[in-house]
Amino acid sequence: MKKLKILIKPMLLLLAVPMLTMLTGCSDKIAVLNPQGPVARSQYHLIIWSLIMMSFVLAIVLIIFVYVLARYGRKKSAGYDPDDTGNRKLEIIWMIVPVVICVLLAVPTVKTLFSLSNPPKATAMQSKTAGKTLTIDVTSVQWKWLFRYPNQKIETVNYVVIPAGTPVKFRLHAYDAMNAFWVPELGGQQYTMTDMPMKLWLQADKPGNYDGRSSNYSGKGFAHMTFKVMARSATDFDSWVQSVKSNKPALTHEKYMELLKPNTVKPQEFSSYPELVSKDLNKAQMEALMNGDPVETDKMNGMDMDKENNGKGGHDHND
Amino acid sequence: MIDSIKSFMGWFFVTGDPMIYGADASIALASIGIVAVLTYFKKWKWLWQEWLTSVDHKKIGIMYIIAALLMLFRGGVDALMMRTQLTLPNLHFLDAEHYNQVFTTHGTIMIIFVAMPFIFGLMNIAVPLQIGARDVAFPFLNALSFWLFFVGAMLFNLSFVIGGSPDAGWSSYAPYADVEMNPGVGQNYYLLGVQISGIGSLATGINFLVTILKMRAPGMTLFKMPMFTWSILITSVIVVFAFPAFTVALALMTIDRLFGAHFFTIAAGGSPMLWANLFWFWGHPEVYIVLLPVFGIFSEVIATFAHKTLFGYAVMVWSMVAISLLSFITWLHHFFTMGNTAPVNAFFSISTMLIAIPTGVKIFNWLFTLNKGRIQFTTPMLWALAFIPNFTIGGVTGVMLAMAPADYQYHNSYFLVAHFHSTLIAGTVFGIFCGLHYWWPKMFGYMLDETKGKWSFWIFMISFNVCFMPMYFLGLMGMTRRMYTYPAGLGWTPINVVMTIGAFGMGAGFVLMAYNIIWSAMHGKKDATGDPWNGRTLEWSTASPAAEYNFAHIPEVSERDAFAVTKEKRKAGNAGTVKSYAPIHMPNNTGIPVIMASFMFVAGFGCVFEWYWMAIPGVIGVIACMIARSFVYNDHHYISVEEIKRTEAATGRLS
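Top line first, the protein sequences correspond to chains C and Y. Read in order, the letters of the first sequence are residues 1 to 319 in this note's numbering. Read in order, the letters of the second sequence are residues 1 to 655 in this note's numbering.
To be clear, the hints were calculated from the coordinates, so they are not data collected in a lab. Treat the hints with care, since some could be wrong.
Stated by the list, open to error - Pairs of lysine to aspartate or glutamate residues, derived as DMTMM-like cross-links and limited to a Cα-Cα distance of at most 20 Å, are as follows:
hint, chain 1, residue 1, chain 2, residue 2
1, Y, K579, Y, E643
2, C, K261, Y, E97
3, C, K220, Y, E450
4, Y, K372, C, D84
5, Y, K579, Y, E556
6, Y, K569, C, D81
7, Y, K567, C, D83
8, C, K220, Y, E643
9, Y, K372, C, E91
10, Y, K571, C, E269
11, Y, K567, C, D81
12, Y, K224, C, D84
13, C, K220, Y, E559
14, C, K248, C, E269
15, Y, K224, Y, E450
16, Y, K571, C, D81
17, Y, K569, C, D83
18, C, K75, Y, D3
19, Y, K372, C, D81
Quick caveat: nothing in here was measured; it's all calculated off a predicted structure.
The task is simple: from the sequences and hints, build the whole structure.
What follows is the structure, encoded as structure tokens:
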């Protein structure tokens, strides 16, 4: 029994540590478990479902574990049977149960997976934005985020404003190193790559500010590669666009080349951008262009299969 | 002239950091110390004849383990430096560049220079003894494998003081790791160091595959092999199929960096994603290369200390075969978030989940081995028992990660870091510590102290949970891996403080284990019988440590758990017939492996700095060693009957 006692203590500790963390930490600090949009919510449901199933598995293992140690861990425990070396029936059971669990997990996984490649359902109340989507081109540069609004023709750095309740299609590019675009409260991440534009649908339920960061290591300034996603009501969004257009400087060619250098910068915004910016050139292509060499643009279509949406299909708040 | 020397030295040696100067000084002092001690005690000849030139699998195994323990110390110090830096927000213990180097070397060292060589060491010690063989199939190649690993590890570690360490992560994703964004020699060290030791690993895989298939004692059919031997057989197959992909990937990136090719670059049609594919096509099976052997160790230890035969032997074997096959079709789950279409991610989600089935089956078989047993809580058994719940946590979070849409939220976060440490520490590290305590008497002829062993177990195991359980929550809070610092006010600080405490606790557990090794070397209980644990398999039928030739008579096997069966027969009064000795054929020691590996080191170092005047002679030296070896006709000797009698009498085994 003494042996059992020394075993039980760490077991309790093992369970207590995460529990305490859970209880003492404010739950809204756990971004992934605090979804603020339909994409994050569908992933949250999947996470909770898997957590339930896996807790069940873990519980069974722990119960049998504690039982056998308690029952057969004593010096003179009865029931010692060295010839107990197999049991076809039991072995079939614990082969079938995991198969069932896998099926129970695989079905919602595949369903969610396919649903995430489509835009989430718009929930904005204003008829003006209902059924419309917004496209934003995101480019990761060592160590900053550039956001381009192809329809509004404005550009921001290290923060992005989106209309709440409207599905936003982020088209992701990398200028140099690979990064990953992650806003945990709005949904899971996607990489940015130099040779393949990627697509990520996100939507915020209501106005608010959400933390975003690069989650894929890209060098010295990686830890500082954060950005804010500011969800605003459709009218606030439109007036923000207007104010940027009328009050902020234009992104000049020189300023753009400055931004492409590896460093960290403050959030900023520009009322327009030169044509070069919308070509989404990567570092090698840009250097070739600057040297007057031919630019290879054999881009793969990647995630962005729906051609009709290339810079035109998004809704335009200025109409 | 003096200025140019000065500027060269400033570039060649890593400068400007007091910690590095400290390392420089301690490396120099340690080297001088080792040389002085060897010279004073006139041990150079002994070192050369008994160890450096040895082709004895037991000695090679011991050298693997010593090297792996040293590397574990270095990797552990790396971990503690990272944890110190992250204890509180905005600390300046390490700067970004230094931190990036430290997490890169931590990962690379722990996987390539700790987990693998530790396992190779244990399998070198145990497998030939378990199958009743006198050595491995290719003893020369075995020595060469070790020395290639060793010089690879040394080359990699040299980067700390000469030239600068790699900083692209152990996964070294292109394009960041390519020369466009990562100039300098650091990444070259990674490529060459890992490549050289990888050649040794591939050779080890081939060697043990052949050894197990061809050199088993008469009567030991495949399905009568001990479970550890089974796990090594399957692991060897994985090594042989997985390592070539990595060898090629490393070679391609080396060509990119040294000769300006464009396999993984942004420019000229290179494909950075190709690196991710090649890396993980090796990288995922690699996980099972370091896990299946410890499954084997746990199977042996649990059966021994439950005093029962393993429950569901055949199912245990087939589940390992299933894991090995599945391990080759899951690599893409490491980059679900790299733009694959939904059907592709669906396939790899499901294939990854499937691994849970054979793994779960194994967990239940271990539990039912314990059931109806007579459980004895020795130190190795404690490590094996702790593995079950702790590894299950790593396993179930693995299933959670396998669900691609959920993985979009876990990927690259501390949730992922917590998961793979749960599997690699509760699996691999617990396993190698378990194997170390279990086979220690077989290696050295004395026991590790049980009390100190148990203390180090409890301290390490509890600290492991303190460190890594909170980490799951940190990941869900949005903290990503490889951040050298974080701002205050995100609620991350308390968890980071707890994790650092846990990490130092693990360090304390390891220090106590090291102390136990030193203490036991002086005061440890002698193992006179060769069978201190009442073992079930053939390695316990020999003396501790086993004679050079392992078995005076090659054992004959009729059942599983061959030695347990023999002991029962002896108890029943059936001692077997007394046979006369015959001279034993053994391979000669040879200095060629260590010399050849040294040339490989020279070639590797030359390539790191792109000094081809140095690299080319190194390669020529390697080829010269191969030629020299092909002219060695007399590569074996016989141990005479007199000597066998003398050796057997010394351990009281003369029949």
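Verification of the hints:
1. Y:K579 <-> Y:E643: holds (16 Å)
2. C:K261 <-> Y:E97: The hint holds at about 18 Å.
3. C:K220 <-> Y:E450: violated (46 Å)
4. Y:K372 <-> C:D84: Satisfied, since the Cα-Cα distance of roughly 7 Å is no more than 20 Å.
5. Y:K579 <-> Y:E556: holds (12 Å)
6. Y:K569 <-> C:D81: holds (19 Å)
7. Y:K567 <-> C:D83: holds (16 Å)
8. C:K220 <-> Y:E643: violated (63 Å)
9. Y:K372 <-> C:E91: holds (16 Å)
10. Y:K571 <-> C:E269: Violated - the C-alpha atoms of E269 of chain C and K571 of chain Y are around 87 Å apart, more than 20 Å.
11. Y:K567 <-> C:D81: holds (18 Å)
12. Y:K224 <-> C:D84: holds (17 Å)
13. C:K220 <-> Y:E559: Judged against 20 Å, a Cα distance of about 60 Å means the pair is violated.
14. C:K248 <-> C:E269: Distance of about 7 Å is within 20 Å: holds.
15. Y:K224 <-> Y:E450: Violated. K224 of chain Y to E450 of chain Y sits at ~31 Å, over the 20 Å cutoff.
16. Y:K571 <-> C:D81: holds (19 Å)
17. Y:K569 <-> C:D83: Answer holds: K569 of chain Y to D83 of chain C is near 16 Å, not above 20 Å.
18. C:K75 <-> Y:D3: violated (75 Å)
19. Y:K372 <-> C:D81: holds (5 Å)
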